[in-house]
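Guided by the hints, dock chain B onto chain A, whose structure is given.
One line per chain: the protein sequences are A and B, in this order. Per this note's numbering, residue 1005 is the first one in the first sequence, and the count goes up by one each step. Per this note's numbering, residue 1005 is the first one in the second sequence, and the count goes up by one each step.
Derived by calculation from the structure, the hints in this document are not laboratory data. Treat the hints with care, since some could be wrong.
No copy is singled out in the list; a pair is fine if it fits within one copy or between any two copies.
Stated by the list, open to error - Calculated cross-link-like contacts (lysine-lysine; reagent style BS3-like; alpha-carbon spacing at most 25 Å):
1) Lys1135 / Lys1044
2) Lys1018 / Lys1053
3) Lys1135 / Lys1035
4) Lys1044 / Lys1018
5) Lys1055 / Lys1035
6) Lys1027 / Lys1055
7) Lys1055 / Lys1044
Protein chains: 2
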Amino acid sequence: MQRAAPYDRNEALKAAQDLFWRKGYHATSLKDLEAALNMKPGSIYAAFKSKHALYLTCLERYFDETVAALDARLEASPTVLDALADFVRAFGREHLASETPVRVCMLVKTALEATEDEPELRDRAQAYLLKMRAAFETCFRQAQQTGEVSGDHDPAQLAVNLQADITAIRIEAQQTGGSITTAWLANRKAQDVLALRDSPAH
Amino acid sequence: MQRAAPYDRNEALKAAQDLFWRKGYHATSLKDLEAALNMKPGSIYAAFKSKHALYLTCLERYFDETVAALDARLEASPTVLDALADFVRAFGREHLASETPVRVCMLVKTALEATEDEPELRDRAQAYLLKMRAAFETCFRQAQQTGEVSGDHDPAQLAVNLQADITAIRIEAQQTGGSITTAWLANRKAQDVLALRDSPAH
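With the rest of the complex left out, here is chain A (with noise of 0.2 Å):
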């Protein structure tokens, strides 16, 4: 456990995430994480276990991450739908950021590549976008007690609409690695939450 002091292990979890990611669990290799994190086997075992256990803490870090993000724009932002929206807009915008790669969300890649060989994988991700969900359900409750969003809404719905919308942005964006497309859809999807300003449900 020596090799992995606290900054080395943010670093080499960066990484591993980094490429988790981007090639999907089973295409990435132990020669693929020995390269990107510079360790050696023995030490990346020492340190995370096994490749398996290095994905869940990936995920969960990247789930944190996602989280905090949300948290930020509900911080910066008047309104809640006003945050949601840049939100969601953010989403269209990332391929401008050069640092910022274009990518379907972590979480979703996870729960649609893990099948019945990684049932915890899957269970993982799909936990955590279930706690994503609530999290969105709870910003429209907080929209409808200040009156932002109409009560006969539901809260719920809204939440899974939005999920599904911000799936299907990231989608479009890596899928034409980040575009005008994306940027307007993007913007689409931002104007369908501002809609909800005083707008019955249908």
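Coordinates of chain B only, in the frame set by chain A:
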């Protein structure tokens, strides 16, 4: 090539497509294929050349089936928007038909799984997705010609949005195993299609 008589070949392709679609390209081993196709490795290679080539053949088969399903809807519906709305709604109803698996689109799954390791699979999947998008664009263009959709919409953008919505419904369906939530989401997106009637672009 004698093992692959026309009928057998179709059955084998169906089994291979189902296996690949379920497990993904990387997690499907030759052993899995042998069991699913009930063929020896030599026969699989004789009939389909390689796992890679077999995957591409299955992907083409899947694409052809998807196009046929859209054509059938267009044939059966009074208007283009009705056909598209039915097409969308059907993805929320799949779990009711026990024989149809609740699963994300095989083209999307392939495009996400196959990264730099398998550029040909990724490129082929993306090309099929763009063809589907073009088919949707043609539908919206026709709806504009008959006056069902106002001329100030961009048919290309409507096609991007429709494809994104369908992808999102199918990911939701796979994650929940098909549920009342999926049916609700599909119905909401189908209503968005029908709402294009006489509505200006936004």
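For this session: Could you figure out if Lys1135 and Lys1044 sit no more than 25 Å apart (CA to CA) within one copy, between two copies, both or neither?
Result: neither (35 Å within a copy, 45 Å between copies)
Exercise. Taking 25 Å as the upper bound on the Cα-Cα distance, should Lys1135 and Lys1035 be classified as within, between, both, or neither?
Worked result: For Lys1135 and Lys1035, neither the intra-copy (33 Å) nor the inter-copy (37 Å) Cα distance is at most 25 Å.
Problem set entry | Alpha-carbon proximity between Lys1044 and Lys1018, which holds within one copy, between copies, both or neither at 25 Å | So Lys1044 and Lys1018 pass the 25 Å test inside one copy only (17 Å; across, 43 Å).
Problem set entry | Alpha-carbon proximity context of Lys1018 and Lys1053, limit 25 Å | within (17 Å within a copy, 39 Å between copies)
For this session: With 25 Å as the alpha-carbon cut-off, assign the pair Lys1027 and Lys1055 to within, between, both or neither.
Result: both (13 Å within a copy, 19 Å between copies)
Exercise. With identical chains treated as interchangeable, where does the CA-CA distance between Lys1055 and Lys1035 reach 25 Å or less: within a copy, between copies, both, or neither?
Worked result: The answer is both: 11 Å in one copy and 23 Å across copies each meet 25 Å.
Exercise. What label fits Lys1055 with Lys1044 when the C-alpha limit is 25 Å: within, between, both, or neither?
Worked result: within (13 Å within a copy, 32 Å between copies)
Violated hints, listed in ascending order, are 1, 3; each of the other numbered hints is respected by the structure.
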